[in-house]
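J.: Quick note, the sequences are listed as chains A and B, same order.
Heads up, the first sequence is in the working numbering, so the first residue is 1 and it goes up one at a time.
Heads up, the second sequence is in the working numbering, so the first residue is 290 and it goes up one at a time.
Quick caveat, the hints were computed from the structure, so don't treat them as lab data.
You can trust all of the hints, since none of them are fake.
As a list, the in silico DSS-like pairs of lysine-lysine whose alpha-carbon atoms are at most 30 Å apart:
hint: 1; chain 1: B; residue 1: Lys567; chain 2: A; residue 2: Lys130
hint: 2; chain 1: B; residue 1: Lys313; chain 2: A; residue 2: Lys206
hint: 3; chain 1: A; residue 1: Lys36; chain 2: B; residue 2: Lys567
To give an idea of the interface, some chain A residues facing chain B are shown, with a C-beta separation under 7 Å as derived from the structure:
hint: 4; residue: Ala53
hint: 5; residue: Leu109
hint: 6; residue: Thr145
Just so it is clear, CB atoms sit at the ideal spot from N, CA and C, and this is done for glycine as well.
Below, each chain spelled out in residue letters.
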Amino acid sequence: MKKFLDGIKKLLNKLYRIFVPEPVTTEMNTVVVPPKPILPYVLIVFVIVFYFAARATDFSLYTLISRLFNFKYGPVSYLKRFFPPAWEYWPRVIDPILETIQMSFLGSLIGSVLALPVAYLASQNLTKSKVVVSIVRVILSIFRTLPILIYGVFFKMIFFPGALPGTIAIALFTFSIVSKMLYERIEILDLGAYHAIQSTGASKAKAFVAALMPEIYPIFFSLSLYAFEINIRYAAILGYVGAGGIGFDLDLALKDISNNDRTIVILIFIFVTVILIESTSRFLRRRLG
Amino acid sequence: MNEKIISPEVLETLQKEPVTIYKKLLALTIVLALAIWSFLAINFSGVNMNGLTVVRNLLIYFVNPNYNPSGHVITESVLSKYLFSLEKWAVPYLMYETIMIAFIGTFLGALISIPFAFLSSKNIVGNYGSYVGSIIITMIRTVPIFVWGIVFIRVQGGAMAGVLAIAVSSIGMISKLYIEVIEDIDTGILEALDSTGATTLQKIRFGILPQLTASFLSTAIYRFEINVKNATILGMVGAGGIGFTLIDALGSFNFPIVAVCLWGIIPIVLIIEFVSTKLRSKLTSSEV
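For reference, chain A alone in the conformation it holds in the complex (with noise of 0.2 Å):
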């Protein structure tokens, strides 16, 4: 009995040692307390919002095995529809997906054409007022939390259905993006040509254009590749709510059952083009430095 007690202390004390850290003296015979570890705590918070969610999503280990594998009508069935490919189809995916290309290269540059005077008034060192500043961040942080696909749906209904929403879609998505990474790059720059100039008299815009145009020219063209190369994702997507390009095409062979083996056909040459797009655009921001 005595050692059943004993051993429920030692338990007891274990546990509460988790939680606040039993001090150690050292061979100087100083006593160090250890930081209060805040792992146990996380850990906790992490599995209570585990179970909550997991009772919000109807997660259940075994409906989730036992489905997955599911031979007869679970996905495997459905992806082996996607087999044999339907390769002959292949000359009608080209046009689509340069209409993706399209979308895409001319959503990015004229979004990012636009970011770069945006991001002039969003940062704190060159636009003095901090009212315009913080007015201009607001607007770009609530374009940047909407998903691009509502733009494609809403431009979709402004513009009949095809490229030209897209582009929109894809414009004002990286107009948004751009535009933040953009002034978070400004901010950091070092003004002291920039005052220099305009203490000789030259007026603002003349002071930019000498001084802060030759750092900013590679750090805009870096990014704006950089957005190119997400874009060009997006872009494919977009096509799924009518917005243009490749994605409703590959929507079609999902739902109709007797195009399915053209999905992997629209596959890869979603997977080519992509490898291409981010080669190149990894190539040209490693040479601007």
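Go by the hints and put chain B onto chain A.
T.: Chain B only, in chain A's frame:
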């Protein structure tokens, strides 16, 4: 007083400056040519006049979802029905569901990415293995997310499909970032631990894990932030969350509901972004 006085050294440096004007012109021409070619893809079939009304209405309802131009007596205002109630079809619960879908999805994705990343890092499988791994990861990464959504609807419709779609689509980015961290492991620390006589388990716990956990967690939190936005879209394909309500209302021109959904999405995403940035800066600044 308009003389230009330039010292000879400055003049010499100026004349030695490389002539890049031709390269710049070439780049500009290429960009312009691509832009013109891209422009040809867009056929401007005129503005949908109804579309402009759509925009006007959307903006009006965005500011005030309870706008009631017809003057009919409405029993329940849109705000109280969709925003201030905790029913399963109202915005707060849908946003909660969306965030939870993103949470479990990111967790599963990060969990699967860990072995994946270890098996694709140069210091573990060598150059060829890592090349194969990176090809697989890129293939997973370029598949649009709604494809995964449609595939996984078959497992269990609703929220679980969204969870799995987010998990699989996260593997791409998370693995890529994990591999970078794994390849940067400082083996000097492991050697030092070895020389103190540490067992393998101790070497992992005190040598490898501290180097990795901060970056792993930071990447997972970053991806969670992105996945919340993805989860709002994924609802479109039927994977649960607010996406379905939003796109359905948008398509049927039900602007009050669209406005209420946006009122739910925008603040929540902003808050999550803010919290995520703070957490990640705390994680990366308190290095072990």
